[in-house]
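J.: These protein sequences, in sequence, are chains A, B, C and D.
Heads up: the first sequence is residues 1 to 632, going by the working numbering.
Heads up: the second sequence is residues 1 to 119, going by the working numbering.
Heads up: the third sequence is residues 1 to 353, going by the working numbering.
Heads up: the fourth sequence is residues 1 to 343, going by the working numbering.
If you're looking for bench data, these hints aren't it; they were derived computationally from the structure.
Errors might be hidden in some of the hints.
Claimed, not checked - Over the 12 Å line for every Cβ pair with chain C, so calculated as not near, a few chain D residues: (1) THR4; (2) GLU37; (3) HIS43; (4) LEU45; (5) ARG118; (6) TYR125; (7) GLY126; (8) TYR128; (9) ASP129; (10) ASP139; (11) SER234; (12) ALA236; (13) GLU260; (14) ILE289; (15) ASN290; (16) ALA331.
Unchecked claim - Pairs of lysine-lysine residues, derived as BS3-like cross-links and limited to a Cα-Cα distance of at most 25 Å, are as follows: (17) B:LYS27 <-> D:LYS258; (18) C:LYS244 <-> D:LYS152; (19) D:LYS169 <-> C:LYS6; (20) C:LYS244 <-> B:LYS8; (21) C:LYS6 <-> D:LYS258; (22) A:LYS439 <-> B:LYS113; (23) D:LYS145 <-> C:LYS185; (24) C:LYS43 <-> B:LYS7; (25) C:LYS185 <-> D:LYS232; (26) D:LYS232 <-> D:LYS177; (27) C:LYS325 <-> C:LYS159; (28) D:LYS247 <-> C:LYS244; (29) D:LYS145 <-> C:LYS6; (30) D:LYS232 <-> C:LYS6; (31) C:LYS43 <-> C:LYS151; (32) D:LYS169 <-> C:LYS115; (33) D:LYS36 <-> D:LYS286; (34) C:LYS15 <-> D:LYS169; (35) C:LYS329 <-> C:LYS174; (36) C:LYS185 <-> D:LYS258; (37) C:LYS7 <-> D:LYS169; (38) B:LYS113 <-> A:LYS560; (39) D:LYS177 <-> C:LYS2; (40) D:LYS145 <-> C:LYS2.
Glycine included, every Cβ here is placed at the ideal spot set by N, Cα and C.
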Amino acid sequence: MNSEHFVFPFNLGLYFILIYSVVRSTIWFRNLSRSDKLRLQRGFFGLPFMQSIREIFMESLLHRRIFKRNPVLGYMHMSLAFGWFLLIVFGTIEADFFSARHLNPPSHSIFFRWYNPEHGASGFPAVFSFWMDLLLAFILSGLLLAMVKRFIPGMMGMKKTTKHTWTDRITLLSLWLIFPSRLMAESFTCGAHGSGSFLTGSLGATLASVLPAADIAPYFWWLYSLALGTFFILLPVSRYFHIPVELFLIFMRNSGIRTGDKSSSYTEVQTNACSSCGICISTCQMSYAAGINDIQSAYFVKGLRNERDIAAITANCLMCGRCEEVCPVGIELGPMRLIERRQDRKNFEPLTFPEGYALTRKRGFMERPTTQSYNYLVNDNPVVQADVLFFAGCMTHLTPSIIVAMKKIMNSAGVRYHFMDEEGGVCCGRPLMLAGRDKEARELINHNSDLIWKSGAKILVTSCPICYKVFNESYYLETRVMHHSEFINLLIEEGSLRLGYLHRKVVYHDPCELGRGSGIYEEPRAVINYVADLQKSQHEKNMALCCGGSLGNLTLASGKRSMIAADAARSLTASSPDELITACPLCKKTLGQATETKVTDIAELVAAALPTTPAKAKARIKKVLAKTENNG
Amino acid sequence: MSETLEKKFGFTINPSRLIDYDTSDRKVREYVTLKEPSFKLCFACGGCTATCTAGQHISFNLRRMNNLIRRGEIAPLREEVTRCMLCGKCLLVCPRGVNTRNVVAVAAEAIRKLERNEL
Amino acid sequence: MKLEGKKRIWAEYQKDIPDDHFFYVRSCIRQTFFAGSEQTFLKIMRDDLGKDVFEDPRHTTCTGIGYHGDVVPFETIQTVVARHFALATEAGYRHIAISCVTSFGIYSEILETWKHFPETLERTREDLYKATGRTFDIPETISHASDIIYKFRDEIARKAKYNLADVSTGKPLKVVEHIGCHYSKMFPRYGVGGAEFPHVLIGMIESWGGDVIDYPERRHCCGFGFRQYLIQANRGYSLSASRKKFESMEPYQPDLIIANCPGCAMFMDRWQYTIKEIDSVTYGGDGQGIPVLTYEEVAGLVLGYDPWEMGLQFHNVQSLPLLRKMGIKADPARRFLAKDGSRLPEPANLING
Amino acid sequence: MRATSKHVVVAGGGVAGMEAAGALAEMGHTVSLVEKEQNPGGHLLQWHALFPDHRPASEVKHYLKKRIENENITVFTGIGVDKIRHHGHEVIVTLTDGTAINADAAIIATGFDLFDARRKEEYGYGIYDNVITSAELEDMFTAGKVTTTDGKTPSRVGLIHCVGSRDEKVNNNHCSKVCCVTAVKQAIEIRKQLPGTEVFCFYMDMRMYGPYYEELYRESQEVYNVNYIRGKVSEASVNINNRLVIKVEDTLAGRPLKMELDLMVLMVGMEMSQSGTRLAEASGLKRGINRFFETGDHHFGNNLSGLRGVFYAGTCTAPMNITDTISHARAAVAETVRYLNDR
């Protein structure tokens, strides 16, 4: 048989995937908004380019982030990606170096051994083929781990791993076949010609001693080429498409492109850049605390990619943002879910196999019709001028202790403030946004903005992180927006609060919307450290847990919520602190129901540290004396 | 009834206030119960309504709304569902753990579907 | 529907209806709108049953409409009724026969009040004496005229020339009975058969060969409800109440409605015209409207009286199809002729005129 | 033991009577248990399953049957108690056949009568088909199938609370306590037997006063989709298809509501028993405004009658569930024994 033909599948696949990627990325580029186009162009010829190269090396090849979280998993990805990369690089060098002509077709370097069976028997070539064998071994070790992970995820310290579609399976199979078949092919060839190094050479020799190596070799070269070809051709319709797409994503991100609030080709790139590694699943509290295992970001993204009806998945998420923190590809999962929630989708026909190759997705942005309307809101009440506005927020009205504390604090600091929603105000609009009803939220935002502008206040203090985030991000204000923890910190720094020290061991719980949501980590800690003994807890700052009460989730049943709350409370109180401090009325209520430990808002803690006035103290002493006399 | 008749008699036939359970349309109720089963648990204590943020500005009454859904009285619902601000305050007071916020969302959805004949 | 169940209830609500010597008090509405009924009552009582029924021209309205319309105070109406009793006493009658259900309700309400609050009786005696110098004895019995016809229903049946049946098929007519609210809903013990399943009209229908229809809204008010009808803007309530009843009885295709209350007879009749105008709906099996007759008129028909003598033609829904069914010969041409043969003005908008 | 053995007459062989008799006999006292029906057991005999745990009534019946299997107990059935009077050191109990029993003490456990639903004429009990009482529904459960009079499976059943309770129109202002939870229990049983049947409870207040009652109520909504409409049914009638039509105000919607039913179950309440009433009048025993026997003290004399040596047990003093009845009977025994010892 004429064995030369075996290169055909490989070539087919290679050229297909090259052309496909180029076309696809061009289309993505074309669909970008003008500003994003400019960003990308500017980025390409500037610093961002270098950053991207570096990031590609660190993340796409070395998989540093995964390494940090899970070394074994990191090694697996690294061996496959980086190993293969090196194999290609050195393969090409080897081919160019040792063959008559330079600039060979890719197939020449990939099937180098077939073309030069005698090569590397001795001398410098031998060193080179040793190196190539070493790389192959390196990759094979990673492959072994991959197989282990697939069949027994636990071994990789992964609680869960993603489920596969059948195209994924075929692609995976072909991927798995590539290197073993290369090993076998090379070994047989080497065996037949007594060449090859420690791996291919020795294995080849043993095989040759019992089998007609020369006759068998071609079959494995065919298999090798077929595996490569299949892999390349199926790439666009399988999860492994993320490998090329991730490179594109990195360039885009480094050029400053962000998700925004509408689906664009950037969201599409992100969708395709997800490797379904499953890290998001094992990080998700809904999974390990509430046993819900089909709504995590990996499934969400996969659903997007395959055009499934994912309304239920989209709604059923706490929006705590923990998955985004750990996503090795750095996909903006939160914003992408919100975009999906803003959509109004019906009649899906899931992508079928050939459609998977479609260069553009019909899934455009379909805005949901408005369901709410607040035309009944009028603010005809007289305008109140004040330097500081205090907006407690809906939830805070259910935790009056926080309000009382804030009043105490501001009074003792001599702050001239106006309690904006004392008689009950209007919702800040964030809950509506979390439910994907931005248009409606706008109505409330305008209503509140109007009040705030009229007040002419310089600082707007709120006790609710949910309000805080939306005030910061979606309100057009000249007023400085502060969460009360920030504000208290400010009062302490400028010395207008005299505080005692409470000898209490406390643990601080970062509310999602305040911590990950708005990046406020230090101020609350500073405040707490100032008045009490702040202990570390298992999950701090950007990896802090969600209390479970989140308004981000529309559909979660109260039972499941309390499971999450209980788990969070357990971990927070592991060091059995005297008090559990938080900075959100919703967290306070939710955790309060989940633990025996006293749950206090940071404001209450500070209020408790306020010195009691001498007069009061005297009165108390009198009382005590009186009592003792009566008793005695 | 035409203007002339109105003039002729000086009165009309008053529309009935009756809830006729056998003729009312219970599709919305079925949809809501399916999508948000906790809806069944409401025993009309009115806690949600008492704490309601929107309720301080207008007569939005979640307790009444639930009841109307149950009776299949859609007409008065249409506007009522649009009033809620979805702030979720009611979630924290409901003694029966009804996912009140989603009840509103689902009810609004159901009514939209009803109008599109998708129920 | 279990008859024995009803019989048990009827047995519990039997009232003592005297069999002779009645002091008859007329009804404002009836003697204006269908005077024939009261005339027929007297004719049946005196000619067919040979009873002594006395009328005093000095008898006045009981002012019930004013009382329920909130313009006549209770003290006043007590005095007015006391005067009626005085007239009866003076004429030596101890049994009152009342033509109007409103009056009947007023009388029973007042008697009950006097029973439970004797001071009001004393006050009334005083008021009446001061006003008219009259004194009175409380009558032994008060009967609604329908009670009396009920009592003698079988005697009437024995004298009957016609039955409440379709002569062509021999099938009994489907009859709806409607009882005035103030007949027994206020004081069940005052009504034959109580408040829930009054027997007074059912008894007549059954002994005269008809079939009683028990439809869901049987208990429902005809809609007159003084405050509703007397204020024009409120008449919509009155109208919709009647329609509710019609809608509910419609499936049974009734041939005839019998009422024992002036208001009911009048409104269930007149509203059929209004509903026809507003909703262009006419009820009744053949869409010819449902004739609404008083129990006296029906008794009269059974005894073979001339329908036009009784004034059936003065109802809005004409009863020609009904008469045909019952096999009663009555010449439509004679409907609006006066005794001397001169033409009376013909009412407009009659249903199946 | 025998030496101090005393003779006690227990009037009424229902739950309270049987428990009291059993407890006394256990202590070695001689007991004459007098029951007017042919078999002891009282209203329990008619019940199929009990709230709040759907336990078969037969288990409790069995317990009580065993309770009175004691040589110290003589059971007289088919005969009532006419009169009880205190004479010297003795209590003389006259039976309806004239025989007088001289005893050391007596316990009155004449129980209750179920409200006669015919007295709520507007509901048409005994007049319309398919209007039944809660007790008759229990018979259907025992028979194993709930059907309409013409043997069809009802597609909608309505349970009407407070029939003859909390209703001055029938001269009963008291709450019968057990009907609410009975309705919930029966609603669940109907849904279990006929999953395709809609069940509605029409209530004024849901009075889930006992342990696990509220849980049962919740379960009925969560698991069995029982519907609750707050409002007292004002009247029932039948339409041309012989389906019941009820009128009620949906007080939560503030609007009148009309509904067709295939089966209407009246949750009949408890009233002072007629035998008890006769006994009270003959023996000059006081009765409260609720017409049940009036006890010596609401809080700490809840078993004391006006007569020395005569004590009350169970629902002859007020509506009670079985648990409370048994406790009350035991309390009555304690009072009796204390009296016998002090004497």
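J.: So if I understand the rule, the pair passes when the alpha-carbon distance is 25 Å or less; does C:LYS7 with D:LYS169 pass?
T.: It holds: about 22 Å lies between the C-alpha atoms, which stays within 25 Å.
J.: Are the Cα atoms of D:LYS247 and C:LYS244 separated by 25 Å or less?
T.: Holds. D:LYS247 to C:LYS244 sits at ~14 Å (cutoff 25 Å).
J.: Just want to verify: D:ILE289 was marked as not at the interface with chain C; is every Cβ pair farther apart than 12 Å?
T.: holds, 20 Å
J.: Given the proposed pairing of D:LYS145 with C:LYS6, does the C-alpha separation stay at or below 25 Å?
T.: violated, 28 Å
J.: Need the status of pair D:LYS145, C:LYS185: alpha-carbon distance at most 25 Å?
T.: At roughly 39 Å apart (the allowed maximum being 25 Å), C:LYS185 and D:LYS145 break the hint.
J.: Is the straight-line distance between the alpha-carbon of C:LYS43 and that of B:LYS7 25 Å or less?
T.: violated, 43 Å
J.: Verify the proposed pairing of C:LYS185 with D:LYS232, using a straight-line Cα cut of 25 Å.
T.: holds, 19 Å
J.: Given the hint that D:LYS169 pairs with C:LYS6, test it: the Cα-Cα distance must not exceed 25 Å.
T.: holds, 20 Å
J.: Could you let me know if the closest chain C CB is still more than 12 Å away from the CB of D:THR4?
T.: D:THR4 clear of chain C: closest Cβ-Cβ about 55 Å, beyond 12 Å.
J.: Below or equal to 25 Å on CA atoms is what counts here, so check C:LYS329 against C:LYS174.
T.: holds, 21 Å
J.: Hey, C:LYS244 versus B:LYS8, does the alpha-carbon distance stay inside 25 Å?
T.: holds, 22 Å
J.: Does the claim that D:ASP129 lies off the interface hold, with its Cβ farther than 12 Å from every Cβ of chain C?
T.: Not fine: 7 Å to the nearest Cβ puts D:ASP129 too close to chain C.
Hint check: violations occur at hints 5, 6, 7, 8, 9, 11, 12, 13, 18, 23, 24, 29, 38 and 39; the rest are consistent with the structure.
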